[in-house]
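Undergrad: Generate the whole structure from the sequences, applying the supplied hints.
What follows is each chain in one-letter form.
There are 4 protein chains.
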Amino acid sequence: MTQPAATLLIACPDRKGLVALLANFISSHNGNIIHADHHTDFTAGLFLSRLEWQLDDFDLKTEEIAPAFSELVKDLQASWQLYFSHQIQRIAIWVSRQDHCLLDLIWRQRAREINAEIPLIVSNHENLRSIAAQYGIDFEYVPITKDTKAVQEAQQLEILKKYKIDLVVLAKYMQILSKDFTVEFPNIINIHHSFLPAFVGAKPYERAYERGVKIIGATAHYVTPDLDAGPIIEQDVVRVSHRDEVSDLVRKGKDLERIVLARAVRYHLQNRVLVYGNRTVVFA
Amino acid sequence: MTQPAATLLIACPDRKGLVALLANFISSHNGNIIHADHHTDFTAGLFLSRLEWQLDDFDLKTEEIAPAFSELVKDLQASWQLYFSHQIQRIAIWVSRQDHCLLDLIWRQRAREINAEIPLIVSNHENLRSIAAQYGIDFEYVPITKDTKAVQEAQQLEILKKYKIDLVVLAKYMQILSKDFTVEFPNIINIHHSFLPAFVGAKPYERAYERGVKIIGATAHYVTPDLDAGPIIEQDVVRVSHRDEVSDLVRKGKDLERIVLARAVRYHLQNRVLVYGNRTVVFA
Amino acid sequence: MTQPAATLLIACPDRKGLVALLANFISSHNGNIIHADHHTDFTAGLFLSRLEWQLDDFDLKTEEIAPAFSELVKDLQASWQLYFSHQIQRIAIWVSRQDHCLLDLIWRQRAREINAEIPLIVSNHENLRSIAAQYGIDFEYVPITKDTKAVQEAQQLEILKKYKIDLVVLAKYMQILSKDFTVEFPNIINIHHSFLPAFVGAKPYERAYERGVKIIGATAHYVTPDLDAGPIIEQDVVRVSHRDEVSDLVRKGKDLERIVLARAVRYHLQNRVLVYGNRTVVFA
Amino acid sequence: MTQPAATLLIACPDRKGLVALLANFISSHNGNIIHADHHTDFTAGLFLSRLEWQLDDFDLKTEEIAPAFSELVKDLQASWQLYFSHQIQRIAIWVSRQDHCLLDLIWRQRAREINAEIPLIVSNHENLRSIAAQYGIDFEYVPITKDTKAVQEAQQLEILKKYKIDLVVLAKYMQILSKDFTVEFPNIINIHHSFLPAFVGAKPYERAYERGVKIIGATAHYVTPDLDAGPIIEQDVVRVSHRDEVSDLVRKGKDLERIVLARAVRYHLQNRVLVYGNRTVVFA
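Chains as they are written, first to last, in my numbering: chain P, 28 to 311; chain X, 28 to 311; chain V, 28 to 311; chain H, 28 to 311.
In case anyone wonders, no lab produced these hints; they're calculated from the structure. Since we're looking at a predicted model, the values are computed, not measured. Do not rely on the hints blindly, as some may be mistaken.
Identical chains share a label here; the pair holds if one copy fits it or two copies do between them.
[Said to hold, decoys possible] With a cut-off of at most 16 Å between alpha-carbon atoms, the simulated EDC-like pairs for lysine to aspartate or glutamate come out as follows:
| # | residue 1 | residue 2 |
| --- | --- | --- |
| 1 | K279 | D263 |
| 2 | K43 | D86 |
| 3 | K281 | E140 |
| 4 | K279 | E140 |
| 5 | K206 | D126 |
| 6 | K191 | D165 |
| 7 | K191 | E211 |
| 8 | K101 | D207 |
| 9 | K43 | D83 |
| 10 | K43 | D84 |
| 11 | K43 | E140 |
TA: Here you go:
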């Protein structure tokens, strides 16, 4: 599907006629729906939907769609976002010393699995600067210390603005962002190297080893002010045994981290993730 | 959701406005959609959809819905089925000597995981008659020999009619049904003890052992005249190792068979499976 | 393997020559090793081993083996257990109201997947008495209240003695055993309906739903005085989505619980589980 | 474990005393066993074993071990191999146009997950030459046509000799090797992009799509003269749905291919894979 398309994500209190309302809006303007998926959360009483339609014969201009849609749903107490396939998102990848998630994301972007621009790598270490150079990506070194954290985060926010970043991907960035930062820039995906909510925080593989688990996991989630408690996008697991030492958990976990993070970033970039409360609908 | 509901499964050539058309039909008659999922198979050029809506305030009577819908879609070259939640389907479970899938299905029906009546067990052996007795299910013993197969199948078809059976579940029934039978009674789900299309036919565990595979599987599919080649509903797998002998594969496989078959039967009974060509859409 | 066999589980500080020492002991008495697996935990500095050998030509009598072996390893600071295949273990299954794990274990025992006797079911509810009756198993109803817990546990211990129970399986027994009880009778396997250490304690499925996890799990572990913190024997997981409500997690979880518990009980009965510290080696 | 170590893989007809014989050999020469795992294939009547021991205090010199061991097992009809940890194996990676397995293997070697040298990349296309250059690996372009295949394979064999290659890894090399070649150079691991034995040969993803499978897989195996029929080392799978088109299967499959191939290569390099008949024991 390389034709221009629009995607709508919408959540509102459930009532009769919502599917018809949305489909008619698109149909009446001569749009061709190529994906439509609706979910009702009966517990929360919410209607949650994703609609994607082709824009070539659509009789509203791109800039007219949001106002028209806004008028349509003004009485629904809806929260909604509208995305256009020609607006390529810009990602900043944040790393510390480990390169596996970074390389994996770059490979996938080069292989067109991930449709985004990656103009920027940010790190609190210098180790991975050469990778940035190799792939022609700018590299910003922002060391973090307890005393300078506030200043450094302010600087990081400046950099994100300067590069017009839409999404920050924490690809094994081993620093905790402040609440202020996550409020200021809420579009952040993190990969945590455990099966959350098990092993929140530091050293999850060591603690998994000590607990003697038979399976380890990785979790990709949006970052919120609460540590490792944001809405989960994707998780996966791999079996371990008594033969696996901590270093083996780390090794096996790296494969999980790469794949789980890549899936989550891809879902996000395809506008397949609808967050409500602390939950996600992934229209996969 | 215990209110009466209707479910529509529909497949037709893709064109603009189909979601709106379907949603409007339900909305204009005051139905409340509780599940709507649409899929476009771009390769086949087909629109495939499942809609489920509550009937309590619907202003068409049950018997009026199909005629009205038929009129609505008469120009779409559509194939569609309409189901009502108050029409509980009747299952005949066919077995040979193994009891694990049979017991599992009965347990799930008793636990209300599976919403169906099970009035009948058919077998080519006498072994499992006591299970039928224990659960108050009729048991028909129909032995099969090469010479008598045609006669026996005719008898089986009579039994299915007599019991008003909607669905036959081959729960480790180790006989091959004739083409005539499957044409005459097409609603048959089989569990095959391999990861199809690997190991079609007899003795899949023995052949999996000989091939030295590291994973075994089970496959639930609709039965068609071609052996083990019908549309796949569900598959799952389990890891094996060099330590597993054929008897271990059989043991591990039994757990797979139970779960895969139960999922497929449940999807079918909830009218979540849309067959087109030799493929299925499972609106799970 | 239906010939009489002995199994040795041993843990001791690692040093040179241990495999030779153990193998020579068996070989010198004309035993035929049919399974030998050794693991070195380098972190703990421990040698951990399982040896199984046929007894038909073994030139020590059954009752002579332990004394001879004790002499052999007297300087190794070893902890070890010796089991004989002709000593069939006796299981008491403890349940509350849910029957799926109970039925599953009984079925597996009848199908000879689990080699044990099941003379007793204990419950704090009357619901499952009929299942006990149906399979000819004694049923002891021991209701539990806060005030009577100590008295009731004393009674339960009496019952275990009376029935000469080797292993208690908590097959969805929804009461917490006191520390005293677990010290008095340490051979207890529990199935917990979460991927431990996530969701320790009550209502794990509700909490998994609230957290919005994308995968749920089940964990079989030995019971220790610390709630849900004993050595893990086996875990497994299944994927869930936003479409799954709590009742769906419960339903999907039941399949996990059955399978994970059955695997753990089977490993235990085959003397494949070696506990050290809060970890297990499962010689699978 | 960075101390020098030896690893023995041995297969022979089963008889009493084999574990003791092997362990005594090591113990009597003052070796410290760090891994010992034995398997009896009762169907084949074979004893299969892997032993790894530290060499620092071993009182045989490296070059004396094989002759001494040969003398020890001369009456056992054994096939065995002896490996030393200081002998780093040399890998040639063969590719066609796809880079994902190649990049993955190079990254793992750089990250020390894979302990080997990679002096050579061979390809029938020029596409990936730049990757070779980037990592300082020699690149041999050997185009293949029907008419020149014999000549080209002869040239390839020359190159393998010249580079003293121990192991060829076909990392999505889309040509079939001749029988002569595989006999001449038998140490070849291939990644096949299906769950073998399903979809042997060309275009497995297309065929998986057509068959409507719900799970796809990848298989790493040793190459033998029979296409895709050699001993399987490792397999893994991933779930697909009706929403996945062929291009999605390809994308999901790439992750499988990378991981399955990497695991197989790692097992091989750690001398954990014992081939007998058309089966493998993987002492993982």
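Undergrad: Each hint should be assessed against the structure and marked as holding or not.
TA: Going down the list of hints, with the structure as the test:
1. Taking identical chains as interchangeable, the C-alpha atoms of K279 and D263 lie at most 16 Å apart whether they share a chain (12 Å) or sit on different chains (14 Å).
2. Taking identical chains as interchangeable, the C-alpha atoms of K43 and D86 lie at most 16 Å apart only when they sit on different chains, with a minimum of 14 Å there against 27 Å within one chain.
3. When the C-alpha separation of K281 and E140 is checked against a cutoff of 16 Å, the pair qualifies only between copies, where the shortest distance is 11 Å, while the shortest distance within a copy is 19 Å.
4. Taking the closest pair of Cα atoms, K279 and E140 come within 16 Å of each other only across two copies (10 Å); inside a single copy the shortest separation is 23 Å, beyond that limit.
5. Taking CA atoms no more than 16 Å apart as the test, K206 paired with D126 passes in neither setting, with 26 Å inside one copy and 41 Å between copies.
6. In this assembly of identical chains, the alpha carbons of K191 and D165 lie at most 16 Å apart only when taken from the same copy (13 Å versus 41 Å across copies).
7. Taking the closest pair of Cα atoms, K191 and E211 come within 16 Å of each other only inside a single copy of the chain (14 Å); across copies the shortest separation is 58 Å, beyond that limit.
8. Proximity of K101 and D207 under a CA criterion of 16 Å is satisfied in neither setting, with 31 Å inside one chain copy and 59 Å between copies.
9. In this assembly of identical chains, K43 and D83 lie within 16 Å of each other by CA distance solely across copies; the values are 12 Å between and 30 Å within a copy.
10. In this homomeric assembly, K43 and D84 come within 16 Å of each other (Cα to Cα) only across copies, at 11 Å, whereas the closest approach inside a single copy is 29 Å.
11. Taking the closest pair of Cα atoms, K43 and E140 never come within 16 Å of each other, the shortest separation being 38 Å inside a single copy and 28 Å across copies.
Checked against the numbered hints given earlier, the structure breaks hints 5, 8, 11 and satisfies all the rest.
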